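Here are the chains, one letter per residue:
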Amino acid sequence: GESVGLHLPTLSVQEGDNSIINCAYSNSASDYFIWYKQESGKGPQFIIDIRSNMDKRQGQRVTVLLNKTVKHLSLQIAATQPGDSAVYFCAENRSGGGADGLTFGKGTHLIIQP
Amino acid sequence: DSGVTQTPKHLITATGQRVTLRCSPRSGDLSVYWYQQSLDQGLQFLIQYYNGEERAKGNILERFSAQQFPDLHSELNLSSLELGDSALYFCASSVAPGYGYTFGSGTRLTVV
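Chains P and X, in that order, give the protein sequences.
When we follow my numbering, the leftmost residue of the first sequence carries the number 1, and every step to the right adds one.
When we follow my numbering, the leftmost residue of the second sequence carries the number 115, and every step to the right adds one.
It is possible that part of the hints are untrue.
[Claimed, not checked] Listed next, with one range per pair, are the computed distances between beta-carbon atoms:
(1) P:Pro-82 - X:Gly-130: 37 to 47 Å
(2) P:Gly-59 - X:Asp-115: 32 to 42 Å
(3) P:Gln-60 - X:Glu-196: 25 to 35 Å
(4) P:Arg-57 - X:Glu-196: 37 to 47 Å
(5) P:Asn-67 - X:Thr-127: 38 to 48 Å
(6) P:Gln-60 - X:Gly-117: 13 to 23 Å
(7) X:Glu-176 - P:Gly-59: 36 to 46 Å
No wet-lab data here; the hints were simulated from the structure.
Keep in mind the model is a prediction, meaning the values are calculated, not measured.
Quick reminder that beta carbons are idealized off the backbone N, C-alpha and C, glycines included.
Chain P with its partners taken away, still in its complex shape:
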């Protein structure tokens, strides 16, 4: 089964609210984590990444939080907009130092309510 996964398959939020998408991973050796956004009919798009020597990283309207103690990753999207509607995937790198394929969770579908 998947060792990288998202807690909810669907998340519905009101436009303008903040969204929080969660992810759990099981391999404590993973040292690199990425969030991707996939819109319908398109390939996954890199949003933000974080390495295990950090616990927080901010981008434009997005923040990733990493809690290594409980092996939990979250993506926060501020002031959610209709264009944020997509499936969000977390991914981990298991190699402990680079290389190799990322392992993706199954995704959370973010739905924006007007």
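Based on these hints, arrange chain X on the given structure of chain P.
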């Protein structure tokens, strides 16, 4: 445009046939990754190449093979196709292993 080019965008073929999917990585990227995405399996890592050499293998079937050429473009060959091979096939590239990937727009394969 992500900079990663995949062709063709759509492919419809019959069971038992063989197809080749092509990927041109983003300029400067040496690593190429292939992923399969189906509704019930999510994104499954197939294989990775770095600068022409196979670097890692994931859940790639023996009927599937890939290679990366000297100009760094990559091809994924799928043979003896089965209905269950119908999926989106994504190529991604990165400057080196351990960095974020840039994905192409995918090839939608339908096996009938």
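Structure-inconsistent hints, enumerated in ascending order:
2 and 3
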